[in-house]
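Colleague: Listed here are the chains, written in short residue letters.
There are 2 protein chains.
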Amino acid sequence: MPKINQFPGAYIAENQDRFVDEMKQLLAIPSVSTLPDHAADCIACATFVANLLVSAGFQNVSELPTKGMPVVYGDLITDPKLPTVLIYGHYDVQPADPLDLWETPPFRPTIRDGHIYARGASDDKGQILAHIKAVEAFVKSGEPLPVNVKIIIEGEEEISSPSFSDFLAQNRERLQADVCLVSDTPMLSADQPSLCTSLRGIVYFEIKLIGASTDLHSGQNGGPAPNPIQGLAQLINQLKNEQNHVTIPGFYDDVLPIPPQTRSSIEALPVNAQTFATQIGAQGLTGESGFHVLEQLWYRPTLDCNGIWGGFTGIGSKTVIPSEASAKISMRLVRNQDPQKIATAFRSYIQANVPPAFKLEIKEFHSGAPVGVDADHPAVKAGLAAVTKAFHKQAILQGEGGSIPIIKLLESELNIPTILMGFNLPNDAIHAPNERFSLERFLNGIAASVYFMQFLSQSELAE
Amino acid sequence: MPKINQFPGAYIAENQDRFVDEMKQLLAIPSVSTLPDHAADCIACATFVANLLVSAGFQNVSELPTKGMPVVYGDLITDPKLPTVLIYGHYDVQPADPLDLWETPPFRPTIRDGHIYARGASDDKGQILAHIKAVEAFVKSGEPLPVNVKIIIEGEEEISSPSFSDFLAQNRERLQADVCLVSDTPMLSADQPSLCTSLRGIVYFEIKLIGASTDLHSGQNGGPAPNPIQGLAQLINQLKNEQNHVTIPGFYDDVLPIPPQTRSSIEALPVNAQTFATQIGAQGLTGESGFHVLEQLWYRPTLDCNGIWGGFTGIGSKTVIPSEASAKISMRLVRNQDPQKIATAFRSYIQANVPPAFKLEIKEFHSGAPVGVDADHPAVKAGLAAVTKAFHKQAILQGEGGSIPIIKLLESELNIPTILMGFNLPNDAIHAPNERFSLERFLNGIAASVYFMQFLSQSELAE
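Top to bottom, those sequences are chains A and B. So the first sequence is residues 1 to 463, counted in our numbering. So the second sequence is residues 464 to 926, counted in our numbering.
So here's chain A without its partners, still in its complex pose (with noise of 0.2 Å):
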């Protein structure tokens, strides 16, 4: 907890109840965007949520209307020539089954054990109010707020956000900001604050490879007739090699080094290949030679199979050898690596590589651009100063793994980059049953938020 004698540390410590309680009523609204039976309850939380804005003191509170669920908006401008936050949000959740697995019901918020157990908790209406709590610290306590500040919370983000790109191009101005903070991944540890600065982009193929035109009995055609099991098997064998480098030419291209201050830092956490084998209950791990488990998840592209099926997959045995054997194949990518170029790349490869026995399909679905700050950009140093001041220890930088398209959108829409402040820990059950986030950790993300402000008003970015 920040000092209960200081800003902001007395105005949390005075108002925490009152914190709690409003993100108890939060909670309770079964905002779930999957489904359409919850429509209204998103509805009636993007108006819950807009009152929080004006409460707060945001001025300018709409809910701004897309193709889809409004996106509520609020700011505080205070002087144009301050440097200007965007906060993003959403105040949509994932649906709540199984719900016989949940010790208290996910729409009746509980307390236990210091947490509070709800749908939503931390992802992501905890973490949304802690950064609207520290704007109303600001604006109560009549503390100078040191930047200018825009929020939009959506309402799509578990459907993957499907009117937010429109909604972006049709509000470039109004978003108009120098830097956009997210509370939507996880800290490191209940022990290590950090801070997120990048995130993997992907890209997602299906491959098909196709034998005979029809199934065939393998015991009066087996020999001879192409099986595209394993032919399948062989062009996936084909895709990295002993070191597990992956072998795509020109894979590997546009990766850059980490630089040295990162893998010292990678290097002095407790984490390495045993410990996360374990946390992940493997007997081994199959990452690239000569990189530490964290840059190979953080910092460095992979590829995996993500599905793979053909022929018989029941019970028992059947002697057939399959016309077709299908996969799902995505990469991983990192900064300043192209999905485009990587998609051809792979495209390439695998063309110039299916046995010639074989037909192929290839499919392509999504695909998501990795984004990142440098570890010098003046947001990242004021991210750093407040998450370690705010949670006691010294923060370090983290990349994260998964890709999270939205921001990808956010930076290149607006042309800023994205500071990933998350306050939640990995095992706050996040579309799981049992969600939950930490009220220690909640007041010291609203602690977080304020210093970072602080912090940014007093970096390069001022001048």
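Some clues are possibly wrong.
[Unchecked claim] Simulated pairs of lysine-lysine, BS3-like, Cα-Cα distance not exceeding 30 Å:
1. B:K530 / A:K318
2. B:K871 / B:K852
3. A:K3 / A:K140
4. B:K487 / B:K466
5. A:K24 / A:K81
6. A:K359 / B:K781
7. A:K318 / B:K826
8. A:K363 / B:K826
9. B:K781 / A:K208
10. A:K67 / B:K781
11. B:K671 / A:K208
12. A:K318 / B:K804
13. B:K544 / B:K804
14. A:K24 / A:K67
Rather than coming from a laboratory, the hints here were simulated on the basis of the structure.
Here the structure of chain A is known, so what remains is to put chain B in place on it, guided by the hints.
Modeller: Below, chain B alone, put in the same frame as chain A:
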């Protein structure tokens, strides 16, 4: 057709309309062994077949009980010193689905274009009837039957003959013979009569590779996390080399080279890699380098993946690294190979080559030994001469790529070789809609059975 002024041509010509009528009655009984609703039809069919044996002049006709459907038995012992032929067939049939693809109802036998269309026409009612009528021809024409004949017709072949092993063990004495004669495989082609002297055996496995203890998010874990689909692809890829030879140590140790005359006979046929590829609708083949396509099919062992599955296999994309992936893998074995030896070699090789990050589970399903008889066995010579004479063209010896476990049972329980004298053709749609049997081939089949008995009685077996 055999000459109609001689035996057996005259008898066949005079009685062919009645033979076809009887075949129609036999085919009209829906003796589908796999469907419990048809149990009464199966029993009725056994009785109908028993009556056919009696009418044909068989003695000691009986429906022998098993723990399942009865086996119909009959014999005609002319002289204990003569060679004894044991004819095997089955009166049960496959289900007729999909019914809407039949041009005429499956159990309303219909004649068009010189064929009788009905479920069971080729497999196996029509073929077994040819042998019954051959014996009838001897008896009713007053021609001395030159061999002893025993016949068994079971009712569970299409459900893998679950009662047959016990039946054989309990009736070993009764079934003693010098050679077993089976018509349950097709001839090579319409213009190439053939006699089959071998069937491949089989061993069938399921293997599973397990990486992490649960499915993982491919973004948050991709890189170091072991991917069992890729581990499986690697393992499968190691099972064959670039020449498509199986790499399991010892796999080919017991495989005998084929005799030069078998090779010449294969090479003289109008079948090659190109015609086979066209037949199965493939743009290329993947058989072992250095072997004729028919040698690959009939006389070489092979390995095929019959199924593979793991991860996300639905429509679209899901970013998962699955916890496990599985494959079904079977090997076809040739004469002189021991299924248990090959199964052990497979297990050892898989265990030795599983990538170290994965746990392995191996499950063994059924196995069946290969069967084969020497080309110079007197019964083979007699069979080849009989087929040549009945079908008016020099017959060749062929192998069969598939496996019929029942044949191995007959061979090992009774310790006699089996002659596979099929009369139908590969395109007669057995197990499929519009199954058929050529009436001309049926009548020639009767003659072939007669000639076989005659030639056998003149062979070394009779000495």
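Colleague: Now tell me if each hint is right for this structure.
Modeller: Verification of the hints:
1. B:K530 / A:K318: 26 Å, holds
2. B:K871 / B:K852: 28 Å, holds
3. A:K3 / A:K140: 18 Å, holds
4. B:K487 / B:K466: 25 Å, holds
5. A:K24 / A:K81: Violated, at about 37 Å.
6. A:K359 / B:K781: 25 Å, holds
7. A:K318 / B:K826: With Cα atoms ~14 Å apart, K318 of chain A and K826 of chain B stay inside 30 Å; holds.
8. A:K363 / B:K826: 34 Å, violated
9. B:K781 / A:K208: 17 Å, holds
10. A:K67 / B:K781: Holds: K67 of chain A and K781 of chain B sit about 26 Å apart, inside 30 Å.
11. B:K671 / A:K208: Cα-Cα ~22 Å, so holds.
12. A:K318 / B:K804: With Cα atoms ~22 Å apart, K318 of chain A and K804 of chain B stay inside 30 Å; holds.
13. B:K544 / B:K804: 39 Å, violated
14. A:K24 / A:K67: With a Cα-Cα distance of about 29 Å, the restraint between K24 of chain A and K67 of chain A holds, given a limit of 30 Å.
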